[in-house]
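S.K.: The lines below spell out each chain.
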Amino acid sequence: MSVKIILFGKLADIAGSSVSVDNVPDTNSLVDSLNKRYPELATTKYVIAVDKQVINENTVLNKKSMVALLPPFSGG
Amino acid sequence: MSVKIILFGKLADIAGSSVSVDNVPDTNSLVDSLNKRYPELATTKYVIAVDKQVINENTVLNKKSMVALLPPFSGG
Amino acid sequence: MKERKPKNIFVQGPIASSFIADSIQKHSSKTDIGGHSIFLGQVRADKIDGKEVASIEYTAYEDMALEKMYTIREDIFAKYDLTCMHVYHSLGNVKAGEISLFVFTSSAHRKAAIDACEETVERLKAELPVWGKELLTDETYHWKENK
Amino acid sequence: MKERKPKNIFVQGPIASSFIADSIQKHSSKTDIGGHSIFLGQVRADKIDGKEVASIEYTAYEDMALEKMYTIREDIFAKYDLTCMHVYHSLGNVKAGEISLFVFTSSAHRKAAIDACEETVERLKAELPVWGKELLTDETYHWKENK
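Chains as they are written, first to last, in my numbering: chain A, 1 to 76; chain B, 1 to 76; chain C, 1 to 147; chain D, 1 to 147.
Please note that a few of the clues may not be correct.
[What the hints assert, rightly or not] Chain A residues, not near chain D, derived (Cβ > 12 Å throughout):
id : residue
1  : M1
2  : S2
3  : V19
4  : T27
5  : S29
6  : N35
7  : Y38
8  : P39
9  : L41
10 : T43
11 : N56
12 : E57
13 : N58
14 : V60
15 : K63
16 : L69
[To be verified] In silico BS3-like pairs for lysine-lysine, Cα to Cα no more than 25 Å straight-line:
id : chain 1 : residue 1 : chain 2 : residue 2
17 : B       : K10       : C       : K51
18 : D       : K7        : D       : K79
19 : A       : K10       : D       : K147
[What the hints assert, rightly or not] Restraint ranges, calculated between C-beta atoms of paired labels, are given here:
id : chain 1 : residue 1 : chain 2 : residue 2 : range
20 : A       : V47       : C       : A16       : 44 to 54 Å
21 : A       : K63       : D       : K30       : 42 to 52 Å
22 : D       : V11       : C       : F19       : 15 to 25 Å
23 : C       : A16       : D       : V11       : 19 to 29 Å
24 : B       : I55       : D       : D49       : 49 to 59 Å
25 : C       : S18       : A       : D13       : 25 to 35 Å
26 : B       : I55       : D       : G50       : 56 to 66 Å
27 : D       : K30       : C       : K51       : 12 to 22 Å
Simulated from the structure, these hints should not be mistaken for laboratory data. Yeah, the Cβ is synthetic: ideal placement off N, Cα and C, and Gly gets one too.
Isolated chain A (complex conformation) (with noise of 0.2 Å):
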């Protein structure tokens, strides 16, 4: 199964404002795979939102998951 990333700010910078990940089935397996392909994420504050909900465990993975890397917020 392939999972459509979007990435923001700093992340954008790293790799890029959208990526598609082969083989994830939830959001572990896809920070295992990113880290692999961008090392520099690895070093990188974020925290990662499935469908426009900031989660804060392991969480499973469907293709049509909206899947964002969102790191610190500065608004304001």
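Mind docking chains B, C and D on chain A? Use the hints.
M.R.: Positioned in the frame of chain A, the structure of chains B, C and D alone reads:
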């Protein structure tokens, strides 16, 4: 000695915006004198300012004293 | 002897939104400011014994009010790291829906601006000798009292 | 199912002082309002490694930000007795000295307006997926981080 006092808000409705009072060496005697002249003042809430400072105890007056009677504030 | 002369805070009639806009605009040259906090007091059409407040007529013991405001300003600047503070209060007639008080504080960081604005509003409501005469729709009136 | 569609809060470029004035002016017909509290975020010309911030380029995960803002709005209205709340945030380029955030709360009494404004500012800074890229005078950049 005569002291001129100024009055504001509701107090000016009762006694006018300025009143001269004779033979008042201090604020206590001033209040007594005013209450005789304007009985409604005795039942009306206010504080006294002498030289633009609100006083909390009996204060000696001289002919240069600026005395003001101030009803509860309602600015803003 | 005080070195600085108290700034006048009183304006005749309501405070126009265009005046507020100009005041904000003037701060665009101060690029060390990160946050502005503004409080606006608006005249409410309160119901009093079945009648409605049409406007408030403001009077003040101006000399004393300006001295008090000077002290409040000094205290607030001593307590908070502000870039600037502006205060305007109406005298005379201000209709329901119009603005009678404008407090404007600015700082590098939001916390100081927000806290300073709130404390200034609280203090000036409690300490400035200003009175509002609520003119009712039936041409009677009622002296306002701050809580 | 949510009944109400989240309101858009995003505007392209800086928030003009005339826009703020219009927003204030519109409330003059709401004569149950007694106090307005406004917070404005202004872009600071911070020094970073000897260079200066010339402007901030804002981007957002808009869909998520609007849903978050919807939740914040609902929470604030449940907690405080507000008449209304308006929030605007810039996207794109905002120069040092210009306004990028406008939070505006109104209530019958000042306390609710002031507290609601402050809490809204704190929450949106912490919860909205918005990012500021500080463009420096030497054409390099730095990603801002809220404290």
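S.K.: Against each hint, give a clear statement of whether it holds in the structure.
M.R.: Structure-based check of each hint:
Non-interface status of A:M1 relative to chain D is upheld: no Cβ of that chain comes within 12 Å, the nearest being about 23 Å off. Interface exclusion of A:S2 from chain D stands, the closest Cβ pair being 21 Å apart, more than 12 Å. Every CB of chain D is more than 12 Å from the CB of A:V19 (nearest about 15 Å), matching its label as outside the interface. At roughly 16 Å from the closest C-beta of chain D, the C-beta of A:T27 stays outside 12 Å, upholding its exclusion from the interface.
Non-interface status of A:S29 relative to chain D is upheld: no Cβ of that chain comes within 12 Å, the nearest being about 23 Å off. Non-interface status of A:N35 relative to chain D is upheld: no Cβ of that chain comes within 12 Å, the nearest being about 20 Å off. Its beta-carbon lying about 16 Å from the closest one in chain D, A:Y38 satisfies the requirement of being farther than 12 Å from that chain. Every C-beta of chain D lies more than 12 Å from that of A:P39, the closest at about 19 Å, which supports listing it as non-interface.
Separation of A:L41 from chain D is adequate, the least Cβ-Cβ distance of about 14 Å exceeding the 12 Å criterion. For A:T43, the condition that its CB be more than 12 Å from all CB atoms of chain D holds, with the nearest at approximately 15 Å. Chain D leaves A:N56 outside its interface by the beta-carbon criterion, the shortest separation being 14 Å against a cut-off of 12 Å. Annotated as non-interface, A:E57 keeps its C-beta farther than 12 Å from every C-beta of chain D; the closest such distance is 19 Å.
With a cut of 12 Å on Cβ distances, A:N58 stays outside the contact zone with chain D, its closest approach being about 20 Å. No Cβ of chain D approaches the Cβ of A:V60 within 12 Å, the least distance being about 20 Å, so the stated non-interface status holds. Annotated as non-interface, A:K63 keeps its C-beta farther than 12 Å from every C-beta of chain D; the closest such distance is 19 Å. The claim that A:L69 lies off the interface is violated: its Cβ sits roughly 10 Å from the closest Cβ of chain D, which falls inside the 12 Å cut-off.
For the given pair, B:K10 sits about 19 Å from C:K51 by alpha-carbon distance, which is consistent with the 25 Å threshold. Between D:K7 and D:K79 the CA atoms are separated by roughly 20 Å; this keeps the pair inside 25 Å, and the hint holds. At roughly 17 Å between alpha-carbon atoms, A:K10 and D:K147 fall within 25 Å of each other, so this suggested pair holds. One distance hint, 44 to 54 Å for the beta-carbon pair A:V47 and C:A16, holds here, with the actual separation near 45 Å.
Distance hint check: the CB atoms of A:K63 and D:K30 are about 49 Å apart, consistent with the given range 42 to 52 Å. With their beta carbons about 23 Å apart, D:V11 and C:F19 fall inside the hinted range of 15 to 25 Å. In this structure the hint that C:A16 and D:V11 lie 19 to 29 Å apart at CB holds, the actual value being about 24 Å. Range check, B:I55 to D:D49: Cβ separation about 58 Å, and the 49 to 59 Å hint holds.
Between C:S18 and A:D13 the beta carbon distance is about 43 Å. The supplied range of 25 to 35 Å is therefore violated. Between B:I55 and D:G50 the Cβ separation comes to about 57 Å, which falls inside the hinted range of 56 to 66 Å. Remark: the range hint 12 to 22 Å for D:K30 to C:K51 is upheld by a beta-carbon distance near 20 Å.
Checked against the numbered hints above, the structure breaks hints 16, 25 and satisfies the rest.
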